[in-house]
Structures are given as structure tokens and as C-alpha cells.
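*Asks:* One line per chain: the protein sequences are S and F, in this order.
First residue of the first sequence: 1, per my numbering; consecutive thereafter.
First residue of the second sequence: 1, per my numbering; consecutive thereafter.
Among the hints, erroneous ones may be present.
No copy labels: a pair is met if it fits in one copy or bridges any two.
[Said to hold, decoys possible] Straight-line C-alpha distance at most 27 Å; calculated DSSO-like pairs for lysine-lysine:
1) Lys577 - Lys490
2) Lys280 - Lys144
3) Lys335 - Lys225
4) Lys333 - Lys225
5) Lys72 - Lys250
6) Lys250 - Lys239
7) Lys72 - Lys225
8) Lys333 - Lys577
9) Lys239 - Lys280
10) Lys147 - Lys239
11) Lys23 - Lys335
12) Lys239 - Lys144
13) Lys144 - Lys225
Just so you know, the hints here were simulated from the structure itself, not pulled from any lab data.
On a predicted model such as this, the values are computed, not experimentally measured, just so you know.
Protein chains: 2
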Amino acid sequence: MPVYKAPLRDMRFVAFEVFQADKLWASNPAFSEIDREVVDAVLEENARFNEEVVMPLNRSGDEEGCRVDGDKVFTPNGFQAAFRQYAEGGWIGLGAETDYGGQGFPKMVTVMTDEILYACNPSFALYPQLGIGAALALSQHASKEVKELYLPKIYSGEWCGTMCLTEPHAGTDLGIIRSRAEPQADGSYLITGTKIFITGGEHDLAGNIVHLVLAKLPDAPAGSKGISLFLVPKFLVDKDGNPGARNAVKVGSIEHKMGIKGSATCVMNFDGAQGWLVGKVNEGLAAMFVMMNYERLSMGMQGLGASEVAYQNAAAYARDRLQGRSARGVQQKDKMADPLLVHPDVRRMLLTVRANNEAARCFAMYVSKALDESRYGMTEEIRRVASDKVALFTPIAKAFLTDRGFDACVMAQQVFGGHGYIREWGMEQFVRDTRIAQIYEGTNGVQAMDLAGRKVVRNQGASVRIYLEEVRALFAELGAGLEVFASGLKHAANVLEEATRVLLEQAAQDVDSTNAAAVDYLHLFGLVAYAHMWSMMARVALAHQDDDLFYRNKLQLGHYFMQRLLPEIDSRLQAIKAGSQTMMAFAEGYF
Amino acid sequence: MPVYKAPLRDMRFVAFEVFQADKLWASNPAFSEIDREVVDAVLEENARFNEEVVMPLNRSGDEEGCRVDGDKVFTPNGFQAAFRQYAEGGWIGLGAETDYGGQGFPKMVTVMTDEILYACNPSFALYPQLGIGAALALSQHASKEVKELYLPKIYSGEWCGTMCLTEPHAGTDLGIIRSRAEPQADGSYLITGTKIFITGGEHDLAGNIVHLVLAKLPDAPAGSKGISLFLVPKFLVDKDGNPGARNAVKVGSIEHKMGIKGSATCVMNFDGAQGWLVGKVNEGLAAMFVMMNYERLSMGMQGLGASEVAYQNAAAYARDRLQGRSARGVQQKDKMADPLLVHPDVRRMLLTVRANNEAARCFAMYVSKALDESRYGMTEEIRRVASDKVALFTPIAKAFLTDRGFDACVMAQQVFGGHGYIREWGMEQFVRDTRIAQIYEGTNGVQAMDLAGRKVVRNQGASVRIYLEEVRALFAELGAGLEVFASGLKHAANVLEEATRVLLEQAAQDVDSTNAAAVDYLHLFGLVAYAHMWSMMARVALAHQDDDLFYRNKLQLGHYFMQRLLPEIDSRLQAIKAGSQTMMAFAEGYF
Chain S
1 MPVYKAPLRD
11 MRFVAFEVFQ
21 ADKLWASNPA
31 FSEIDREVVD
41 AVLEENARFN
51 EEVVMPLNRS
61 GDEEGCRVDG
71 DKVFTPNGFQ
81 AAFRQYAEGG
91 WIGLGAETDY
101 GGQGFPKMVT
111 VMTDEILYAC
121 NPSFALYPQL
131 GIGAALALSQ
141 HASKEVKELY
151 LPKIYSGEWC
161 GTMCLTEPHA
171 GTDLGIIRSR
181 AEPQADGSYL
191 ITGTKIFITG
201 GEHDLAGNIV
211 HLVLAKLPDA
221 PAGSKGISLF
231 LVPKFLVDKD
241 GNPGARNAVK
251 VGSIEHKMGI
261 KGSATCVMNF
271 DGAQGWLVGK
281 VNEGLAAMFV
291 MMNYERLSMG
301 MQGLGASEVA
311 YQNAAAYARD
321 RLQGRSARGV
331 QQKDKMADPL
341 LVHPDVRRML
351 LTVRANNEAA
361 RCFAMYVSKA
371 LDESRYGMTE
381 EIRRVASDKV
391 ALFTPIAKAF
401 LTDRGFDACV
411 MAQQVFGGHG
421 YIREWGMEQF
431 VRDTRIAQIY
441 EGTNGVQAMD
451 LAGRKVVRNQ
461 GASVRIYLEE
471 VRALFAELGA
481 GLEVFASGLK
491 HAANVLEEAT
501 RVLLEQAAQD
511 VDSTNAAAVD
521 YLHLFGLVAY
531 AHMWSMMARV
541 ALAHQDDDLF
551 YRNKLQLGHY
561 FMQRLLPEID
571 SRLQAIKAGS
581 QTMMAFAEGY
591 F
Chain F
1 MPVYKAPLRD
11 MRFVAFEVFQ
21 ADKLWASNPA
31 FSEIDREVVD
41 AVLEENARFN
51 EEVVMPLNRS
61 GDEEGCRVDG
71 DKVFTPNGFQ
81 AAFRQYAEGG
91 WIGLGAETDY
101 GGQGFPKMVT
111 VMTDEILYAC
121 NPSFALYPQL
131 GIGAALALSQ
141 HASKEVKELY
151 LPKIYSGEWC
161 GTMCLTEPHA
171 GTDLGIIRSR
181 AEPQADGSYL
191 ITGTKIFITG
201 GEHDLAGNIV
211 HLVLAKLPDA
221 PAGSKGISLF
231 LVPKFLVDKD
241 GNPGARNAVK
251 VGSIEHKMGI
261 KGSATCVMNF
271 DGAQGWLVGK
281 VNEGLAAMFV
291 MMNYERLSMG
301 MQGLGASEVA
311 YQNAAAYARD
321 RLQGRSARGV
331 QQKDKMADPL
341 LVHPDVRRML
351 LTVRANNEAA
361 RCFAMYVSKA
371 LDESRYGMTE
381 EIRRVASDKV
391 ALFTPIAKAF
401 LTDRGFDACV
411 MAQQVFGGHG
421 YIREWGMEQF
431 VRDTRIAQIY
441 EGTNGVQAMD
451 LAGRKVVRNQ
461 GASVRIYLEE
471 VRALFAELGA
481 GLEVFASGLK
491 HAANVLEEAT
501 RVLLEQAAQD
511 VDSTNAAAVD
521 YLHLFGLVAY
531 AHMWSMMARV
541 ALAHQDDDLF
551 YRNKLQLGHY
561 FMQRLLPEID
571 SRLQAIKAGS
581 QTMMAFAEGY
591 F
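Please model the complete structure; the sequences and the hints are all you need to start from.
*Replies:* Structure (C-alpha cells):
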């Protein structure tokens with residue numbers, strides 16, 4: 001059975017030593033009640049709860065899965081009780097606005113609790129997380145009346161939420177959805193259509209489920225400009241917030257999946273279900289995207305959480321498992337063999353995962369800081385700059401952290417040899433569960449296209465140039481003892497600059513080039529960002545290297561990243577330069 | 001439900017156009033009865049049988065799995081009948097010696113039927129394949145009497161075989177096994193011990209199961225030099241080959257695994273089971289390794305087979321699924337959207353898989369040619385040179401083809417978006433099933449150490465130099481129309497040469513360096529070999545480019561490989577140069 005301890009020391013290092021979050025909070029009235037002491041207590045309690053209550057349900061939830069019976073869906077044993085406790089602990093509304101019962105913690109805090117939750121049990125995590133996503137969209141676009149009725153119930157965990165986007169024929173391409181919304185005399189709408197892949201579409205954890213549904217009005221323009229967003233509760237709600245009559249939305253079936261088997265993934269049939277418009281007519285996609293930046297970072301945390309728990313278990317196995325002898329000669333004479341850790345290749349796997357994890361954690365905090373500034377920044381200018389930064393880095397946070405997270409789970413599984421393939425050890429579940437994070441909330445290919453197309457080519461590289469200035473300002477400050485970081489980061493910035501130049505040049509001549517380069521560009525960018533994060537961490541670590549081995553190890557792991565993992569950017573650049581011609585020259589019949 | 005058509009056109013291209021196998025056979029008396037016509041008929045029939053009979057059991061076998069009841073193990077429905085037909089078709093003994101009922105086909109043929117079999121159903125494939133492995137070891141090391149008794153039964157499929165190596169505490173490190181062999185007065189031995197991860201240890205497909213078991217005599221030297229190999233049949237066999245009394249070897253349980261669920265992976269308890277020595281006392285590991293070169297190439301074919309079937313299904317989905325519009329503008333006006341194939345990133349995934357597959361198929365044939373020469377070569381010198389080549393390339397064939405095969409399955413799954421995560425589509429099964437190929441028969445890390453340590457450093461790069469001469473002789477011949485290949489291959493050879501030089505220099509100073517570099521070196525070497533294969537294929541394709549689009553597409557796909565996939569070697573070289581110091585400096589307690 002896998003073990004997990006939330007990496008609180010590493011989290012605090014990033015939050016308080018690298019980003020000095022407590023100083024940021026002290027200077028912003030929105031966070032007047034947040035300080036380091038409070039956050040430390042929150043982290044401790046969150047870690048304890050998830051390790052003790054949520055984590056033990058991860059394996060059993062996988063083995064048991066969800067079950068559908070008529071129009072009811074049953075979650076695995078133990079999920080109900082744990083969800084109650086989770087809700088009562090106030091964890092669902094931790095980052096939500098205090099006006100509606102939330103606790104108002106910044107993303108710089110909830111990014112850490114997200115990581116812990118996903119590490120412990122991604123299937124369980126999705127139930128509260130989808131509610132938070134739905135609440136975010138309501139919070140931005142719904143009327144005050146709706147917010148007062150729904151948000152406190154979601155934050156308290158009495159009700160859950162969903163996002164109903166995908167249809168059998170319409171996944172990434174939402175412009176072609178067929179779900180219909182018929183306006184009624186009372187201002188509501190009747191929603192009809194079939195939605196698939198609906199996470200938590202039906203389950204037994206909450207008294208009501210608030211569906212946010214994309215559908216088209218009868219006279220809507222074709223394509224993505226004719227999509228509206230509707231609130232469709234499972235049980236209709238009276239003015240006092242009491243659930244009443246059952247709405248005409250039912251689960252059709254649940255999917256049999258590779259992983260996250262404790263999460264009910266439902267086919268939902270809307271058969272003239274009563275719903276209410278959220279936001280403006282035909283602007284549903286925009287309303288949905290409000291929550292996307294938050295959700296997509298969340299998915300990144302699923303990747304990091306999985307990678308962290310996979311690392312911890314692989315490291316424990318490598319310490320304990322005796323197999324073979326060190327190339328340096330016998331290390332443990334009284335044992336039949338030396339521990340796996342004597343073998344450099346085993347260390348290579350562990351350190352690769354860990355070096356990525358620590359960079360990812362720092363990067364997630366970097367993006368969270370921007371998310372907080374975009375929402376709570378003291379000036380319009382701060383909020384605008386931060387919003388641009390969020391826009392640039394969100395696709396990287398989603399796709400790069402989940403791609404590397406999946407690879408990490410595979411690598412950690414490999415440390416176990418044959419035992420990694422056996423279900424009882426739990427390593428193969430990490431692989432299966434994490435695989436979905438590369439797919440949902442916009443596939444990682446779509447994220448890459450969002451980055452390369454919308455965030456880089458569309459503004460002619462303006463956002464990248466601003467970022468490069470920030471990076472170059474840092475490497476100018478990396479002095480004695482940080483040479484490996486200074487030279488690596490300098491090279492990384494140059495490669496990103498060149499890749500961006502190539503991307504723009506290609507785009508001017510070839511409409512297919514951006515999509516052809518997108519995934520390589522995203523991975524290149526992610527690696528450069530990690531080099532940036534490692535340089536920031538190294539600067540702090542160097543200053544404290546005499547205090548504690550913790551800091552010297554940080555420097556050492558940073559070296560590992562710069563020397564062994566960063567060089568991938570050079571190959572990625574070459575792939576980008578190859579252009580789209582070799583791909584597009586094949587006739588369709590070739591494939 | 002996944003589809004599959006054996007890629008016979010591509011196979012014939014490699015066998016007959018690139019390697020001119022028919023000419024090789026015509027000049028070797030061992031293959032006097034093999035010609036192109038016969039092989040064509042074999043391939044057609046093999047493809048038909050596997051597509052129609054074996055493939056349909058792949059999904060159902062996964063859903064159903066194996067079942068243990070007392071000391072009996074039941075394979076999934078349909079496996080028994082299919083195995084009977086497979087055996088009656090003569091497929092098990094296709095490559096086996098004719099003296100004992102085999103059909104005597106060269107590895108250059110069975111490498112193709114292996115690919116087809118593994119593509120259709122890897123769980124099913126393991127039952128006959130393990131028998132072939134056991135038979136190979138017997139064929140080389142057992143007495144004539146034993147061979148006459150056992151081999152015909154294995155080749156006919158009446159009996160199956162296993163390899164019993166791993167114990168709970170001893171996986172890669174076989175030197176510490178605890179299974180004991182007590183000599184008896186009649187010359188036999190009583191074997192006692194527990195073996196785990198035994199593929200096909202017990203099942204309902206055959207009348208007897210022939211276990212090849214590693215165990216230690218009471219006075220054996222410690223470590224791997226004290227291991228002997230024993231034949232332990234499930235049912236004791238009389239002099240006429242009739243199974244009689246049940247031997248004291250029983251299944252303890254079957255493993256619950258990530259994939260290959262139709263393959264019974266057993267814990268086997270030997271409780272004073274009667275066995276017979278195979279080969280010499282204390283030379284059991286060497287005897288076992290005889291079969292390893294063949295088995296390891298087989299595992300590579302599992303990787304390639306999975307990658308091919310995954311490709312075919314992803315390509316079919318990308319042709320059919322309508323989603324989004326081409327960046328060039330609407331392509332299919334009468335449809336609600338264009339097919340996925342209009343998107344360059346989808347093509348990137350498909351072409352990456354396909355470019356690796358076609359190189360892998362050529363590489364497998366290249367290694368098979370050497371395997372045939374090492375066994376049937378007309379002179380001692382030919383056999384020796386070929387054996388060295390086999391030794392050098394076997395770890396690459398096993399590890400590189402399975403690593404890329406797994407990545408390919410993941411990439412092909414990604415093409416399906418959310419549907420790739422749903423069990424019914426079958427794509428996620430390819431991922432789960434293929435994962436084991438990176439682990440068993442020696443993990444890919446162990447393969448890399450075998451390559452870098454035993455095959456390169458131990459002979460100071462002599463084998464690599466011979467290979468580089470061969471590669472350079474080729475690129476000198478790559479003239480007009482093949483510039484991309486000539487320059488790419490030249491660079492590839494230089495990078496391999498430099499990586500080898502670095503490996504040797506590091507090894508002279510640092511005992512940990514070879515293992516630290518091993519996996520990067522293996523992937524670098526694999527990519528160089530693929531560039532070599534693509535250059536060989538391109539030379540043939542260029543000569544025929546006016547004949548058929550087939551050849552022009554080959555050239556085009558070769559360009560894709562050289563431009564987009566080969567550049568990875570530059571990053572790998574940088575990682576190798578980083579050495580082991582950054583890894584080994586961490587104290588064990590750090591992990």
C-alpha cells in the first residue's frame with residue numbers, strides 16, 4: 001500500500017523563502033487575515049486530514065470503482081464519510097470568496113492543498129474540485145440572487161457541481177454541440193441533449209448537483225459564437241434554497257475507464273431539464289473559460305501530486321529493496337545485497353522525477369502568484385500584467401506538469417521492476433490515474449496550440465519578450481557559486497527567444513506551422529521555465545547553504561536539472577525548425 | 001473494438017527489398033527449402049489466422065482475465081480453442097529445428113510472425129512464446145534423450161514451457177536465489193523453493209508444462225556462479241513421453257496486474273519437485289542466457305507489434321473523427337467539421353509512431369539477419385562476427401523497441417482524446433499491456449547497463465567501431481536525392497562515436513559513470529541505428545520512387561524521422577557528458 005507525506009518543508013521553502021508570500025499578503029488588504037502562522041496551521045491540518053482520511057481510500061476506490069443502478073450512482077465505500085469530513089473541515093471553500101461562505105485564502109495557498117489532495121486521491125479530489133470550478137463560473141457571471149442561493153451550498157459541500165461540455169460528436173470542437181435550450185415564458189430554459197464524460201454527473205455524496213451546461217438557443221449563430229451557459233440543478237431549488245422536484249436530467253451510464261475509477265464519469269441525458277442562463281446569451285464559452293485558468297492549474301497539480309507520491313514510494317522502495325552490489329564494491333557486507341540506491345540508473349530515475357517535481361512546485365507557485373495578482377492586485381496595471389502572465393503560463397502549467405507527471409509515474413513504477421506492474425503495490429494505479437490529466441480540461445495538444453497560437457503568435461511574441469526580460473534580469477544577478485545556473489539559464493533564454501522567432505517567422509508563411517511546432521514549443525518553454533525556477537531556488541539556497549543540508553541538496557538537485565534535463569531544449573528547437581511541410585505533404589489516404 | 005491488418009507490404013519491403021532475404025536463403029543450405037513464395041504464403045496465412053482468431057480474444061481476455069481455483073488456473077474464454085488451432089497450424093515450431101518436429105524457418109521470418117502475434121494479443125502470445133524459449137535452452141543444453149522426449153511435444157503445442165527465475169527477494173539479482181536442488185541417487189534432483197512472476201506457470205492450455213528452473217545445489221558457490229538449471233515437468237514423463245504422476249510443483253496464486261491480464265502470471269511453489277539438470281552444474285545462468293537473445297528480440301517485437309496496432313487504430317480514428325477545421329480553411333464543406341488529420345499536431349503524433357515503427361521493423365530484421373548468421377552462417381568467422389553483432393544489438397532491440405513502443409501507445413491513445421481513456425476503445429489496453437515489456441526479461445535499465453557495460457566498455461568500444469565502419473560505408477554511398485539522410489547519418493555516427501569515447505573516458509575514472517550514462521546511451525544508440533535503417537530504406541525507396549507512391553512516402557517519412565526525431569541524440573549526448581557525480585553526491589538518506 002503506497003505511503004505519502006505531504007512535502008511541507010519544500011512547500012514552505014517555495015512559498016515563504018522563494019516567493020516571500022507572507023510579505024505579499026501583508027501588503028494586500030484582501031489578505032489581511034492571512035499570515036504565515038495561519039497558513040502553516042492550514043497546511044499541517046490539510047496534510048494530516050488527506051494523509052489519514054483521503055489517501056487510504058485511493059487503492060480501495062480503484063479496486064471497487066463506481067456503480068450505477070438505475071438513475072443512481074454509488075461512489076466507492078468510504079467516499080461518503082470522507083467527503084462529509086472534507087466538507088465539514090471547510091476545505092472546499094478554502095479559496096472561495098468570504099461573502100458566500102468561503103475562507104478567502106489566496107491561490108498561493110490552495111495550490112499547495114490542491115497538490116496534497118491530488119497526491120492522496122485524484123478520484124476523490126474531482127468531486128470537490130468540480131464544484132469549485134462551477135462556483136467560479138457562477139461567481140463571475142451569475143446574478144447575486146443565484147450566487148446567494150448556490151455558492152454557500154457548494155462551498156459547504158452540501159451540493160456538488162459539474163461542467164457539462166462534451167457531447168458524443170463534440171469534444172475539443174465545442175462549436176458543433178447539439179444541446180438545445182428552449183426559452184420559457186418564466187425566463188428559464190428547457191435544456192435537451194446528451195453530454196458525455198461528465199465528471200461527477202451523478203453520485204451519492206451530496207444533496208444536490210449543480211450542472212453548468214453548454215447549449216444553443218434555437219436562433220443561435222453557428223459555431224462557438226452561438227453557445228450559451230446554463231445552470232441546471234439536479235433538484236429544482238426554491239427561494240430558500242431547499243431542493244424540491246427532480247429535474248429532467250438523469251445519468252445514462254457511467255464510463256469504464258483506464259483509471260480514476262473512484263470518480264463517476266457519466267453520460268448525462270437532459271430531457272427538457274429546467275435551466276437558467278448564466279452570463280449573456282451566446283457568451284457561454286467565455287464564461288466557461290473563466291474557470292478554466294483555475295481548473296487548468298489544478299490539473300497541473302494533479303500531475304505534480306501524482307509525481308510526488310510516486311517519487312516518495314519509489315524512493316522508499318529503492319532504499320529498502322536489496323538487489324545487486326554497488327559498482328564501488330560491497331556496501332552492506334552483512335546483507336545479501338546492497339539497496340537499489342547504490343545503482344546510478346536508479347538514482348537517475350528518482351532524481352529526474354524529483355528535480356521536475358521541485359521545479360513544478362515552484363512554477364505552480366509562480367503562476368498562483370500571478371493568479372492572485374490578476375484578481376486581487378492593488379492597481380489595474382498590476383492586474384493586467386498578471387492576467388497576461390496567467391494567460392501565457394496556464395497552458396504550460398496544465399500540459400507540461402501533467403506530461404512530466406505521467407512520465408514520472410512511469411519512471412517511478414520502473415524503479416519497482418516487476419513489482420511495479422502488480423496492482424497491490426499501487427504504482428501502476430498512479431500511471432493509470434495520471435494519464436487522464438493529459439487528456440481532460442483540453443488535451444495537452446490543445447494546450448500547446450493555445451500557447452503557441454493564442455498566447456505567442458497572436459501577439460507577435462509580446463508576452464514572451466516580457467518574460468525573457470524577467471529571466472534575463474535574474475541571470476544577471478546569479479553570481480559566484482551559481483555559475484551552472486547562470487550559464488544554463490542564459491542559454492535557455494536564448495533558445496526560447498530563437499524558438500519564438502522561428503515560430504513567428506514560420507507563422508507568417510505557413511498557416512500549419514504553429515500547430516506543427518506547438519507541442520515541442522510548449523515542452524521547450526516548460527523546460528526554460530523550470531530552469532528559471534531552479535535558478536530562483538538556487539539563489540535562495542546558496543544564501544543559506546551553511547545553515548542546513550536542505551539547502552545544499554537543493555543546489556545539488558538544481559545542478560542535476562541544469563545538466564541532465566535542460567539539454568532537451570536543444571532537440572526541441574531542432575524539431576520546431578523542421579516546420580510543417582514534412583507532415584502535411586502526406587495525402588490523407590496515407591495514414 | 002480495435003482493428004488490425006498485418007503490415008505485410010512493409011514487412012516484404014524490409015525482408016525482400018532492403019535485406020534481399022531470398023538471396024541470403026538461396027545461398028545457405030540450412031534454408032534450402034525456404035524461398036520467397038513459401039514465406040509469402042506463410043505470412044499471408046499467419047496474418048489471416050492471427051487477425052481472425054487471436055485478435056478478437058484480446059479485449060475479452062483483458063476484461064475476463066485469468067482465474068485460479070485451487071491448483072488450477074483457467075485462461076479466458078476462447079484461449080483454449082485458439083491455442084489448439086494455433087498449435088495445429090504449426091506456428092509454435094515455425095522457427096524450430098526440423099529434427100524435432102520444427103519447421104526450420106529462419107529468424108528473418110519468425111521475427112515477422114512474432115510482430116503479428118504480439119500486435120494481435122500479447123497475453124495469448126506469451127503461452128507459445130515461453131514454450132519456444134524453454135525449448136531453445138533445452139535444444140542447446142539438454143541431452144539428446146531429453147530433447148527427443150520434450151521438444152516435439154513443445155513444438156506441437158501439446159505441452160507448454162516456463163522460465164522460473166525470479167524469487168520474492170531476487171529479481172535482477174539472481175545470484176541471491178534461495179531455491180535448492182537436492183541430488184538424488186537416481187541422478188535427478190528434488191527442487192524446493194518459491195518462484196514468482198512465472199508467466200504461464202499454470203494454465204489450462206496444454207497437457208503438461210515444462211518448467212525450466214534456476215536453483216542452487218547444496219554445495220554451490222555463492223552468487224551467480226552457483227546457479228544450475230533444471231527441467232521440472234508438471235507431470236512426470238515416462239520413457240515414451242506419456243505424462244504420469246503429478247510432480248510437486250503447484251501454483252500458489254496468480255498476480256493481479258496492470259495489463260496482460262489474459263496471461264497467467266503465477267507464484268509457483270516447488271516442494272521437493274523432481275527435476276533434471278540441464279547443462280552443467282553451476283552453469284545455469286549461461287544456459288538460460290542462450291534463450292535470452294532470442295527472447296529479448298521477441299520482447300522488442302511486443303513493443304513494435306503494440307505500436308503498430310496502436311498506430312493503425314489512431315490513424316483510423318484520425319481519418320474518421322470530425323473535429324475542428326483546418327488552419328487552411330474549411331476542407332469538407334458538407335461536414336460539420338474536418339477530420340482530425342487536418343491538424344498538424346495529430347499528424348505529428350501519428351508520424352512519430354509510424355516513423356519509429358518502420359525503423360524498428362527494419363532494425364528487427366537487421367538483428368534477425370545477424371541471429372540467423374550467428375547460428376547458420378557458413379563459416380566460423382561469419383558466425384563469430386554475427387554473434388558479436390547480436391550481442392551488441394540485443395539490448396537495444398529489447399529496450400529501445402519497448403520504450404518507444406510504450407510511448408507510441410500513449411501517443412496513439414492521445415489521438416483519441418477522452419475516448420482513448422475509455423476501456424471499450426481498447427487504446428488504454430495497449431498502453432497497459434505494453435508497459436510490461438519495458439520491465440520483464442530484464443528491465444530496460446538492465447538492458448542499458450548490458451549494452452554500455454558489457455558490450456561497449458568491456459571491449460573498449462571495439463564492437464561499436466565495427467558498427468561505425470558499417471554505417472560510414474553506407475553514408476558514403478548516399479548520393480543525390482538522399483542528402484537529408486547522408487548528412488543526418490553522418491552526424492549520427494559522429495555523435496555515437498563521441499558518446500562512446502565519453503563513456504570509455506568516464507569509465508576509466510569513475511566506476512559509477514557507465515550505469516549513470518547507460519539509458520541515455522542506449523536511446524542515443526537506438527536513434528542512430530534507426531537513422532541507419534532509414535538510410536538503408538531510403539536508398540531502396542529512391543531507386544523505386546517512380547514506380548509507386550509507396551516508395552515516395554517512404555522517403556518522406558524518412559525525412560520526418562531525420563528532421564524531427566533524430567535530433568534527440570544531441571540532448572542525450574549532453575546528458576551522458578554530465579557524468580555520475582551529480583547523482584552520487586547525494587547521501588542515501590536524501591531520497
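*Asks:* Now tell me if each hint is right for this structure.
*Replies:* Checked hints:
no. : hint            : in the structure
1   : Lys577 - Lys490 : both (20 Å within a copy, 20 Å between copies)
2   : Lys280 - Lys144 : within (15 Å within a copy, 85 Å between copies)
3   : Lys335 - Lys225 : between (69 Å within a copy, 18 Å between copies)
4   : Lys333 - Lys225 : between (71 Å within a copy, 19 Å between copies)
5   : Lys72 - Lys250  : within (9 Å within a copy, 44 Å between copies)
6   : Lys250 - Lys239 : within (23 Å within a copy, 69 Å between copies)
7   : Lys72 - Lys225  : neither (35 Å within a copy, 62 Å between copies)
8   : Lys333 - Lys577 : neither (54 Å within a copy, 32 Å between copies)
9   : Lys239 - Lys280 : within (22 Å within a copy, 87 Å between copies)
10  : Lys147 - Lys239 : within (12 Å within a copy, 85 Å between copies)
11  : Lys23 - Lys335  : neither (51 Å within a copy, 56 Å between copies)
12  : Lys239 - Lys144 : within (13 Å within a copy, 90 Å between copies)
13  : Lys144 - Lys225 : within (26 Å within a copy, 79 Å between copies)
Figure legend: structure checked against the earlier numbered hints; hints not met, in rising order: 7, 8 and 11.
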